[in-house]
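Visitor: What follows is the residue order along each chain.
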Amino acid sequence: MIEVENLTRRFGPHVAVDDLSFRLEAGEVVGFLGPNGAGKSTTMRMLAGFLPATRGRITIGGFDVLRQSLEVRRRIGYLPENVPLYAEHRVEEMLRFQARLHRIPRGERTARIGRALERVGLTDRRRSLVGSLSRGLRQRAGLAVSLLPEPDVLILDEPTSGLDPIQRIEVRKLVLDLASEHTVLLSSHILAEVEAICPRVLIIDRGRCLADGSREELVEELGGGGALVRVEAAVLDAAEAARLLRSLPGVETVEVGERVGIHTEFRVRGEGDLREDVGALAMAKQWALRELSWERPSLERLFASLVLGEASATSVPRTVAPTAAPTAAPEPTSPISTGLELSVSGGAPTSAPSAAPMLNPFERRPDASSSAGGAATDGAPSAGSRAERPPGGPTLNPFERPRTQSDAPASDDGTDDRTGDRADEEKGA
Amino acid sequence: MIGASWTILRRELAGLFLQPLAWALLLLAGLLQGLMFSSFYLPGRGGDVHAAGLELFGGTQLFWVLAIVLTPLVTMRMISEEAKSGVLEFLLTSPVPEAAVVIGKLGAATIFMALLWASGFLPLVVAALGGVSPDWPHLFVAYLGMVLVSALFCAIGLASSALFSTPVLAAFVAFLGNFALMVSGIVTLQLADAVPEDVVPRAWIEWVVDKFDVVARFQVSFVAGVLDSAHVVFFLAWTAAFAFLAVGLLESRRWR
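First to last, the protein sequences are chains D and H. Residue numbers for the first sequence, in my numbering: 1 to 429. Residue numbers for the second sequence, in my numbering: 1 to 256.
Just chain D, with the same shape it has in the complex (with noise of 0.2 Å):
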């Protein structure tokens, strides 16, 4: 439905949007994903026909956006993101002149505004001058406007920005709801959001397009910062207990949290769902487990690592991959090979072999290949199987890069405090 092919926008010297080029089928609802500056609002704006490209081709439904510009603007339903509507008027006039720009026939006029002020839960303000709505209401009020027309596509750009939580799922429902009949570009930098409406994300950069693809994919693919298994167990030795964890295959870091009466928190990070190792771990040391979970590679922890990597290696990360893997091959042998054994004293020693070949690599192996999108070669040592792996977060992030062992905790809570805030502060904007 969407062709975008090898987009490029300047602004004087500044490159908006840098040879961008994707597709959208039919009925897809795709998320569009960006830091601020990004260039998503420039895109959509292109997209749009509003503003000309420098370079490139954007084509809507067959038609070129720019010779055929009259055909595509019939075909889609803008929404930019400030919400432009005159503020003199009433909501119900609003909608009427824009079916009027649309040429709807004038029979079915209010029956069609109706119908777009119910869909938005409108209905009781249509009398309301559009000035004096809320910025939630008259966010529902563009929406309503954009639908009208019922166009093929729909570009909707932040079109949560300012609302509350209600209403963010409220319009949340309705985007899920008009996919079944329209092709849906959405922006935003709110990232539950864009995980929770769209099963498509493109994450774009500085102009330039890092990720595409299903949030599984890319999490898959990207390796997302890796997944997190929350323990919590009665241990004797907290520090002794974290490089125990820590020396498990596929493990990266391993940060000590409070502890709390006689259990200790851990959080595990690595490849895949570790809860079997560390569940077997936790046996054989004969640990009191009270809670063990996983949670998944999240796409908060993707964008942050596309994002942030972006910033301190300046390309692509499926480009980076081979200047990543030397930084990251020397690093998981120490722990596994001499670590352990150096490092593991007093009671330990006598468990620590017996667990360690049971919790061990040849048994993780599908697991730890599958995850690593099949990099990974069958049968290759551990190490080597590690070197291959594809370069996650972790790598990328600058700021989980330093993993030695005493301040690995302190780094992962910069990087969430981190993508934390800047989440708030973009809410907050």
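Please note that a few of the clues may not be correct.
[Claimed, not checked] So these bits of chain H aren't anywhere near chain D, every CB distance computed over 10 Å:
#	residue
1	L25
2	L163
3	S184
4	I186
[What the hints assert, rightly or not] Which chain D residues face chain H? A few, computed with CB under 8 Å, are given here:
#	residue
5	G49
6	L51
7	P52
8	F97
9	H102
Quick caveat, the hints were computed from the structure, so don't treat them as lab data. Idealized CB from N, CA, C, for every residue including glycine.
Once you have looked at the hints, place chain H on chain D.
Guide: Below, chain H without anything else, positioned relative to chain D:
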């Protein structure tokens, strides 16, 4: 195209009347016209209702002063403010050609000005009710001329509004443009007096000036009560030229 222009026109007109400025302008114009008629024109003409009425319809400088000042006030917000508030983004992504947007807005501004000038009929209607009827067809021709002049100034105002993103600046530049167009004919002829006949023949200068001298065109035809298609076309052509410029400037906004 016509349907779209009509839609825009209706929206713009509604938008104008939903703002207090329009009402204030109408009130002021009505008051001023009535006051001028009863206090100056009528006594000045010795009670000749028709002659005084003609002064109300473009016979004096006051018409030009009002026209060049009021039209920018009406058109200043039409594009620049919409560009600022983002509504222009909505309009230009709706299935309406840019030309229709400009034509609709121009039409709305012209209709508003026509309404404003029509306030001049009020004192005359009162006079007619009192038993002294002016020569209505003559006044209608003059009125039509005023509307055509206003349309031209509105087109200049729209072009200015498309060029600048602050309404005040747009209004000021439009005012300057209107003023320049208004005086250019007279000023050129004045300057031409200094040019010796053998360097540039006076007739050539007059021929050129005739092509843009709105004041002279207005005075010799409409105020004289002559509805000459040549003069009507003259005003329409200039209006179309500036409307075209406005469309170009509107389109060029996207590249800026």
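Visitor: Per the stated criterion, does the least C-beta distance between H/S184 and chain D lie above 10 Å, as a non-interface residue requires?
Guide: holds (36 Å)
Visitor: Given D/P52 as an interface hint, is its Cβ closer than 8 Å to any Cβ of chain H?
Guide: Where the cut-off is 8 Å and the nearest Cβ of chain H is about 6 Å from D/P52, the hint holds.
Visitor: May I ask you to test the interface hint for D/F97 with respect to chain H, counting a Cβ-Cβ separation under 8 Å as satisfied?
Guide: Because about 5 Å separates D/F97 from the closest Cβ in chain H, which is inside the 8 Å limit, the hint holds.
Visitor: Going by Cβ atoms, does H/I186 stay more than 10 Å from chain D at every point?
Guide: holds (41 Å)
Visitor: Does the claim that H/L163 lies outside the interface with chain D hold up, using a Cβ gap greater than 10 Å?
Guide: Non-interface label on H/L163 holds, nearest chain D Cβ at 18 Å vs cutoff 10 Å.
Visitor: Hey, does the D/L51 contact hint survive, CB to chain H under 8 Å?
Guide: holds (6 Å)
Visitor: Is the claim that H/L25 lies outside the interface with chain D correct, judged by CB distances over 10 Å?
Guide: holds (16 Å)
Visitor: So, as I understand it, the hint says D/H102 touches chain H; can you test that by seeing if any CB pair is closer than 8 Å?
Guide: holds (6 Å)
Visitor: Given a cut of 8 Å on the nearest C-beta pair, is the interface hint for D/G49 held or broken against chain H?
Guide: holds (6 Å)
Consistency with the previously given hints is maintained throughout, with no hint failing.
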